[in-house]
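Model the full structure from these sequences, guided by the hints.
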Amino acid sequence: MERDKQGEIGMGKEIAACAFLFAVFAVALFFHSPDLFSVTGLAVGNAIGCCEDLCSQGTKEGCRGGFHPAKACNEVERCVMGCCIDKEGYCLQNYLQGGCTDKGGKFISKRCDDVLYCAYGSDKPLILKNRTISPYREFAARIAPRGSHGSFIPLVFFVAERNVDRVQAEVQKDGRTIALLELYDDGRHNDGGSEDGLYGTMWDSSAADVDEGITSLQVNIILTIKGEKRKVQSTQEISIHKNNACFPLNLGSDSPLKESIIIAGSGYGGRPQEWRRDSERVASQISALIESFTGEVHGTFRFDRDITDSSLAVAMVRADCSFLNASMDEVILLDGREECREEGGVIILNPVFFIKRSVINFSFTPLSGICEHIISERSFFGEINRSITSPDIVFHTVNLTFEGGLAANISFSIIDTNYPDTYTAYLDGSVLANGTAPDDFPLTIEVPLTAPQHQLLIQAISNKEIYSFAFINITSFSQEFETNQTTDQNETTE
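Residue numbers for the sequence shown follow numbering that gives the first Met the number 0, so the first one is 0 and each next one is one higher.
One thing to keep in mind: the hints can contain errors.
Below, in silico cross-link-like pairs of lysine-lysine (DSBU-like), each with a Cα-Cα straight-line distance of 35 Å or less [what the hints assert, rightly or not]:
| # | residue 1 | residue 2 |
| --- | --- | --- |
| 1 | LYS225 | LYS86 |
| 2 | LYS463 | LYS355 |
| 3 | LYS70 | LYS105 |
| 4 | LYS70 | LYS59 |
| 5 | LYS172 | LYS241 |
| 6 | LYS241 | LYS102 |
| 7 | LYS86 | LYS105 |
| 8 | LYS225 | LYS102 |
| 9 | LYS105 | LYS59 |
| 10 | LYS230 | LYS109 |
| 11 | LYS86 | LYS102 |
| 12 | LYS86 | LYS59 |
| 13 | LYS228 | LYS105 |
| 14 | LYS86 | LYS228 |
Pairwise CB distance ranges (calculated) [what the hints assert, rightly or not]:
| # | residue 1 | residue 2 | range |
| --- | --- | --- | --- |
| 15 | GLY186 | ASP305 | 30 to 40 Å |
| 16 | GLY381 | PHE151 | 36 to 46 Å |
| 17 | ALA206 | SER310 | 35 to 45 Å |
| 18 | THR474 | THR396 | 11 to 21 Å |
| 19 | ILE47 | GLY381 | 54 to 64 Å |
| 20 | LEU456 | PHE379 | 33 to 43 Å |
| 21 | GLN92 | GLY344 | 46 to 56 Å |
These are calculated hints, taken from the structure and not from any lab test. Treat the numbers as computed from the prediction; the structure is a model and nothing was measured. Where is the CB? At the ideal position from N, CA and C, for every residue including glycine.
Here it is in structure tokens:
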């Protein structure tokens with residue numbers, strides 16, 4: 000019996016999921032207030048003007064002072080607002096010119112903060128009984144001008160007298176006049192604004208006959224009023240330093256006190272102005288801290304040699320500052336590249352720093368340990384930036400799984416500077432998972448794919464309560480495809 004060979008072809012169908020589209024959108028949530036703008040205007044008609052009695056806009060009717068028709072009050076001289084220096088020498092802000100001059104004050108059409116006498120003058124009245132001249136203190140209330148031999152030294156004085164024809168400064172050494180200088184009130188000689196009562200000049204000390212080390216000079220002021228000369232003796236003291244690396248910065252005294260602070264610098268070569276500015280500012284801050292908390296006054300000195308190796312700081316200072324007592328005095332090395340730290344008996348300090356609140360518990364005797372209470376401006380703003388920076392949600396991989404139903408395992412990390420962070424994952428508006436991210440190690444959540452489209456929202460919250468969100472749109476689609484299968488059957492004939 001013979002059987003024919005037959006070929007039978009069967010067609011089978013299989014369904015397979017072949018593609019998923021993921022669209023990811025990440026946002027950080029910040030809260031801000033819109034800028035507020037205000038616009039003010041003033042329309043003046045013929046019947047409207049400025050009344051001087053209250054410096055207010057209105058009509059002539061009812062005005063008891065001078066009336067200026069068709070003018071705004073800021074166009075009337077008596078109604079201009081500015082700074083008034085009254086007869087006792089106090090600075091009064093937002094004062095009307097008319098009221099100031101009527102009471103014998105000096106009016107300046109500026110903010111008092113912009114008037115040198117008001118901003119930097121003594122904190123006590125400068126016009127006292129028979130004292131009509133007072134020096135303008137350039138650094139602090141107790142500091143007299145000083146400088147290295149050959150430098151330009153600013154001399155500025157406040158003169159309360161009126162109708163002064165001429166002001167001169169007589170510089171004397173041991174009772175002998177070595178310079179007679181003209182002082183000006185024109186706003187062009189380091190004297191503030193024009194006609195503000197501050198008379199100034201810059202003295203070139205290169206011609207002064209001074210000794211090695213420190214020389215003290217006396218300044219007398221000579222006033223000429225209606226042809227009559229009046230001399231005010233010993234108005235101020237100047238110190239000139241020649242070949243002296245230890246430059247005193249406070250107290251008007253050039254002799255070290257019981258305890259001293261020497262401010263040295265590293266990396267300031269070729270930048271003398273920046274060095275003087277930084278050293279004076281730091282000396283002022285440290286001295287004020289010590290005096291405020293302990294009541295003690297320390298002498299502060301600037302060491303005018305650039306120190307390139309911090310390990311040599313004490314040796315270099317001792318070589319030029321013979322009074323240095325390593326067990327009592329402090330050496331502070333300013334270095335803009337460093338954070339505050341202590342090394343080899345030297346406090347290395349960034350010149351721009353902030354004082355922490357914890358300083359109220361510091362003894363200040365000695366200064367060792369003060370770095371715990373100081374933070375540089377760079378680190379301070381770095382901490383602020385870290386505290387307001389939102390977390391970043393970074394996605395890594397998406398893996399599909401078919402066990403127990405189709406699902407996607409999504410791997411992500413939370414990048415932040417303020418760990419630990421918390422996170423919550425929402426799928427189609429419902430909580431899917433939550434947890435804590437102690438660091439940036441990848442996290443994984445399983446997302447069941449039960450519909451063609453899903454929306455996944457991941458919310459991350461830093462420990463500073465800064466929020467970030469990441470949105471994921473998941474679209475899944477399936478496609479049918481055919482598989483050809485051939486089966487051979489053999490039929491034989493016996």
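The hints, checked one at a time:
Taking the CA atoms of LYS225 and LYS86, the gap is about 22 Å. The hint holds against a cut of 35 Å. A distance of roughly 20 Å separates the Cα atoms of LYS463 and LYS355; the hinted pair therefore holds under the 35 Å criterion. Restraint check for LYS70 and LYS105: satisfied, since their Cα atoms lie roughly 25 Å apart, inside the 35 Å limit. At most 35 Å may separate the alpha-carbon atoms for a hinted pair to count; LYS70 and LYS59 meet this at roughly 12 Å.
Among the hinted pairs, LYS172 with LYS241 is consistent with the structure: their alpha-carbon atoms are about 15 Å apart, no more than 35 Å. Simply put, LYS241 and LYS102 have alpha-carbon atoms about 48 Å apart, too far for the 35 Å limit, and the pair is violated. For a cut-off of 35 Å, the pair hint linking LYS86 to LYS105 stands: about 8 Å separates their Cα positions. Our distance criterion of 35 Å between C-alpha atoms is met by LYS225 and LYS102, whose separation comes to about 24 Å.
For the given pair, LYS105 sits about 30 Å from LYS59 by alpha-carbon distance, which is consistent with the 35 Å threshold. With a C-alpha separation of about 31 Å, the suggested pairing of LYS230 with LYS109 holds against the 35 Å cut-off. Taking the CA atoms of LYS86 and LYS102, the gap is near 8 Å; set against the 35 Å cutoff, the hint holds. A threshold of 35 Å between alpha carbons decides the hint, and for LYS86 with LYS59 the separation of about 33 Å falls inside it, so the pair holds.
Of the supplied pair hints, the one linking LYS228 and LYS105 holds, its CA atoms being roughly 24 Å apart against a limit of 35 Å. Taking the CA atoms of LYS86 and LYS228, the gap is near 23 Å; set against the 35 Å cutoff, the hint holds. In this structure, GLY186 and ASP305 meet the distance hint of 30 to 40 Å, their C-beta atoms being roughly 36 Å apart. The given range of 36 to 46 Å is respected by GLY381 and PHE151, whose C-beta atoms sit roughly 39 Å from each other.
A beta carbon spacing of about 41 Å between ALA206 and SER310 agrees with the range 35 to 45 Å that was offered as a hint. About 18 Å separates the C-beta atoms of THR474 and THR396, a value consistent with the hinted range of 11 to 21 Å. A beta carbon spacing of about 56 Å between ILE47 and GLY381 agrees with the range 54 to 64 Å that was offered as a hint. Against the hinted window of 33 to 43 Å, the Cβ-Cβ separation of LEU456 and PHE379 comes to about 35 Å, which satisfies the hint.
Distance hint check for GLN92 and GLY344: the Cβ-Cβ separation is about 47 Å, which falls inside the suggested range of 46 to 56 Å.
Checked against the numbered hints listed earlier, the structure breaks hint 6 alone; every other hint is satisfied.
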